[in-house]
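Residue numbers (numbering that gives the first Met the number 0), protein chains in the order written: chain A, 0 to 309; chain B, 0 to 347; chain C, 0 to 263.
If you are wondering where the hints come from, they were derived from the structure by calculation, not from laboratory data.
Heads up, some of the hints might be wrong.
[Said to hold, decoys possible] Okay, derived cross-link-like pairs now, DSBU-like style, lysine-lysine, Cα gap no bigger than 30 Å in a straight line: (1) C:K118 to B:K344; (2) C:K85 to B:K226; (3) B:K342 to A:K143; (4) C:K118 to B:K290; (5) A:K139 to B:K229; (6) B:K342 to C:K118; (7) A:K191 to C:K1; (8) C:K85 to A:K300; (9) C:K165 to A:K9; (10) C:K118 to B:K306; (11) B:K231 to A:K143; (12) A:K143 to B:K211; (13) B:K229 to C:K31; (14) C:K118 to B:K90; (15) C:K28 to A:K295; (16) B:K231 to C:K28; (17) C:K118 to B:K293; (18) B:K91 to B:K185; (19) B:K91 to A:K45; (20) B:K120 to B:K275; (21) A:K139 to B:K133; (22) C:K31 to B:K226; (23) B:K147 to A:K139; (24) B:K342 to A:K152; (25) B:K90 to A:K45.
Being a predicted model, the structure only gives us computed values, none of them experimental.
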Amino acid sequence: MARKTGGNIKDLLFERTTAAFAFLVLFLAALLFAVLLRESLPALRKFGAAFLVTGTWDPVREQFGALPFIYGTLVSSFLAVLIAVPLSVGAAIFIDEFAPPWMKTPVSFLAELLAAIPSVIYGLWGIFVLVPVLRDGFMKPVTKYLGWIPLFKGPVYGPSMLAAGVLLSIMIVPFILSVSREVLATIPQRQKEAVLSLGGTRWEMLRIVIGQHCVPGIFGATILGLGRALGETMAVTMVIGNRPEAILSLFQPGYSMAAVIANEFTEAVGDAHLSSLVLIGLILFAMTLAVNLAAKWILTKMVARASRGF
Amino acid sequence: MKKIHGVLAGVLATLAVVSFAFAADPLTINGAGATFPYPLYSKWFYEYSNANPGVRFNYQSIGSGGGIKQITAGTVNFGATDAPMTEESMKKLPGPILHIPTALGAVVPVYNLDGVPAGLKLTPDVLAGIYLGKITRWNDPKIAELNKTVTMPNADIVVAHRSDGSGTTDIFTNYLTTVNTEWRAKVGRGPSVNWPVGIGGKGNEGVAGVVKQTPGAIGYVELAYAKQNKMKVASLRNKAGHFVTPTLEATSAAAAGVAKSMPDDFRVSLVDAPGKESWPISGLTWILVYKDQKDEARGKAIVQFLKWAIRDGQKMEAALDYAALPKPVVEKVDSALKQISFKGKSLY
Amino acid sequence: MKALFCLAAILVLLPLFLIFFDLLIKGGKELKLTLLIDLPRPVGEPGGGIANGIVGTLVITLLTMLWSVPTAVLCGIYLAEYGRGKFASAVRFAADTMTGVPSIIMGIFGYVLLVLPMKRFSAWAGAAALSMIFIPVVVRTTEEMLRTVPTTVREAALALGIAQWKATLRITVRTAWPGILTGILLAMARIIGETAPLLFTALGNQFWQTRLDQPIAAVPLQVFTYAISPYEDWHDKAWAGALVLITMVLVINIAARILTRRKR
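Here chain A stands alone, though its shape is the one from the complex (with noise of 0.2 Å):
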């Protein structure tokens, strides 16, 4: 192979710029993962790890525990989850399978600019639309005749953990259906066929070949769907209610981890406060980090799957 001399370190040269870059990238996740740990300190030293469990959110006395806000957290993703996935999926099935053809890009598109809309706004459409509707149309009536349910308890304000669960549920919808729909693309065309050919129906066609082959990815696209949720800021801090208090009623306020620290931020003025709010910080971190990683893994396991074909 022919190559020109000097250019062998000139090639050198391009290699080990390149390779700068990747380093800095490299050391910027290190940075922000030290910064977060140094700040946080005083605060581990000094509740260790019943911060984790403790409920009082007290800036006077200068008590900080996190329970009310990974409660808070926890609760809304896990809500936005189980409204987004099923309705999902099910959009999914219909564009792919009963859909008019050429309803198939639009709605991708759709979807795609669904994803687009920052928080900020969706949060401004939560607080003016979502919330005086929920309130009005949901929570009053069902507190009125099903109060005495735990979950449903009054008195109703509007701001609640079922507010932000629901608008978490339409954020999150866009990635949840891309997934799934690629999920559904996977489906051997042969298969359908077949289970329809031996008599079954549309709906049983799609109950068995979906179960074999789809559980996997959708359970993975669940998983990417919750670590979105887990982080999103804005929109959930404009209709929570913003209590730092873990109750168990849906119609009632909460907090999450990232409105806390969006919220007392600017303002936390002892060291145990401001540290309490970057371990929240880190506490975050560490959670979507590992819900990333099982999205990640749960998927890369439905493509080998779905490439070894059947």
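Go by the hints and put chains B and C onto chain A.
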């Protein structure tokens, strides 16, 4: 690819030129803090910048807690708070700081109830009871007996408070601590407290927003916010036993006594003030400036602004329902301003 | 059965239409020229706009991209062309991790690293926080786009005697460029809409401010401040600001999509 490079280069060049042009422009002074005086300050900074084009005051209303934090960290040139700094927090400062009072305001209970007129009568204990979560319905006998001419609705009381560190909260909780022993024992006073009930709104704006949008809600905001949003304000029974509505006059009445007993560092509380017409939840609001300024130009600009604020600025307060500082207090503040210096030289 | 799935599809797309509908109606109401060219006015004064926010958003975004685009693209090139060992795996892992980190945490990063030492809020700090969101995304999309270039292209270039570095740059990268650009544009659209990282880095500003070492306004920050206020006219401005924001974001998204389509 080349075209995009060209466009990008062009934009950057424009930015550079624009940056340079603007960099040569007015001196910007950054401040942050209380939302309590924000309607007043935003008017002040707007008018002052128009009259003095060489200087601009950029104020971000992030709450008194934020103001204290940022001036302590030195990321802003001045802070603003309605909660005076505690001895402990002042120890963390890199240098001595001055609390410069700028105005008097009133913290008022606002509520959202259809069919109930403004001026709902409340007593200190009832207000504390609501915020403690002990009185939970609007037609509770304790409220009804104070307001016999009104049919109180049988609705939940939705309590709203601040979610951020707030001087308004400090004034409000200071009041509740002073007038109610249970509150004093259970919750106490401070810019952030462990609220027994209620949802949090960010800033005076947030609480006003929550109350406006939630039927059956009650909250506490600075008077200007209640007025600007045409909200229903409750009347409170004051120390002298009279039910007063918060007005400019009632706020000034609360401050009448303060002129005589104003301490040198201006950190004084006005809650539960004596006097027939006094509004019981009144408070001062301060601007925090370091005695020793690190930047001569900015330090001088701040001093000049404050000189204007305590004299000319006071004239704008009535329109926004803040009460002016009493004359003797103004004189005292004026001499305090002389203490602000750069490398020992007074910037007055 | 079909009806159930159809219902799901409708429920999924309904919020999108509702949001857009509201944005257009409520935002359009206040969308006068004054909104786009005026500075914010004090509470209670008529008029006022978000002009400084629009400029601020552009300044922060371009500043972020100034160092983030080269860093991310070059890193992506490294991973695609030379990235085979443990080091490359570590870089990929780092990038993947960072893409999943909530943006508020990048705000903490910007605050600790730049705001505190510099003793001021600034456009620099805002850009630093946003670059932590931008870079990892573009690293991965760049790498993926480069990987789609068939090896035959690379081999052909080398067979012609072109030096490897030139081949990579002039040929491989150029081939993948529309895809790489798409990735950049999508990441740009994303950071334009980010609010949380700017809350305690750029802070916000009432005035014209293009100096990079001072607090600076940004449209998402203004939308947030106006939205949570109790003033009706500020609510209207929030919707209008949101409309401006979504227009910026969508225009870039659509441009990116057109690019990808043309490539095919």
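Consistency of the hints with the structure:
1. C:K118 to B:K344: 24 Å, holds
2. C:K85 to B:K226: Roughly 65 Å separates the two Cα atoms, so the pair is violated.
3. B:K342 to A:K143: Not OK: B:K342 and A:K143 at ~68 Å, beyond 30 Å, violated.
4. C:K118 to B:K290: Since the Cα atoms of C:K118 and B:K290 sit roughly 18 Å apart, the hinted pair holds (cutoff 30 Å).
5. A:K139 to B:K229: Given pair A:K139, B:K229 holds - Cα atoms ~26 Å apart, limit 30 Å.
6. B:K342 to C:K118: Satisfied, since the Cα-Cα distance of roughly 20 Å is no more than 30 Å.
7. A:K191 to C:K1: Holds: A:K191 and C:K1 sit about 17 Å apart, inside 30 Å.
8. C:K85 to A:K300: Holds, at roughly 22 Å.
9. C:K165 to A:K9: Given pair C:K165, A:K9 holds - Cα atoms ~9 Å apart, limit 30 Å.
10. C:K118 to B:K306: 26 Å, holds
11. B:K231 to A:K143: The hint holds at about 27 Å.
12. A:K143 to B:K211: 23 Å, holds
13. B:K229 to C:K31: 26 Å, holds
14. C:K118 to B:K90: Holds. C:K118 to B:K90 sits at ~19 Å (cutoff 30 Å).
15. C:K28 to A:K295: Judged against 30 Å, a Cα distance of about 44 Å means the pair is violated.
16. B:K231 to C:K28: Holds, at roughly 28 Å.
17. C:K118 to B:K293: 12 Å, holds
18. B:K91 to B:K185: 28 Å, holds
19. B:K91 to A:K45: At roughly 19 Å apart (the allowed maximum being 30 Å), A:K45 and B:K91 satisfy the hint.
20. B:K120 to B:K275: 16 Å, holds
21. A:K139 to B:K133: 22 Å, holds
22. C:K31 to B:K226: 27 Å, holds
23. B:K147 to A:K139: Holds: B:K147 and A:K139 sit about 28 Å apart, inside 30 Å.
24. B:K342 to A:K152: Measuring from Cα to Cα gives roughly 62 Å; hence the hint is violated.
25. B:K90 to A:K45: The given pair, whose Cα atoms are some 21 Å apart, holds under the 30 Å limit.
In summary, the structure is inconsistent with hints 2, 3, 15, 24 from the numbered list given earlier, while agreeing with the others.
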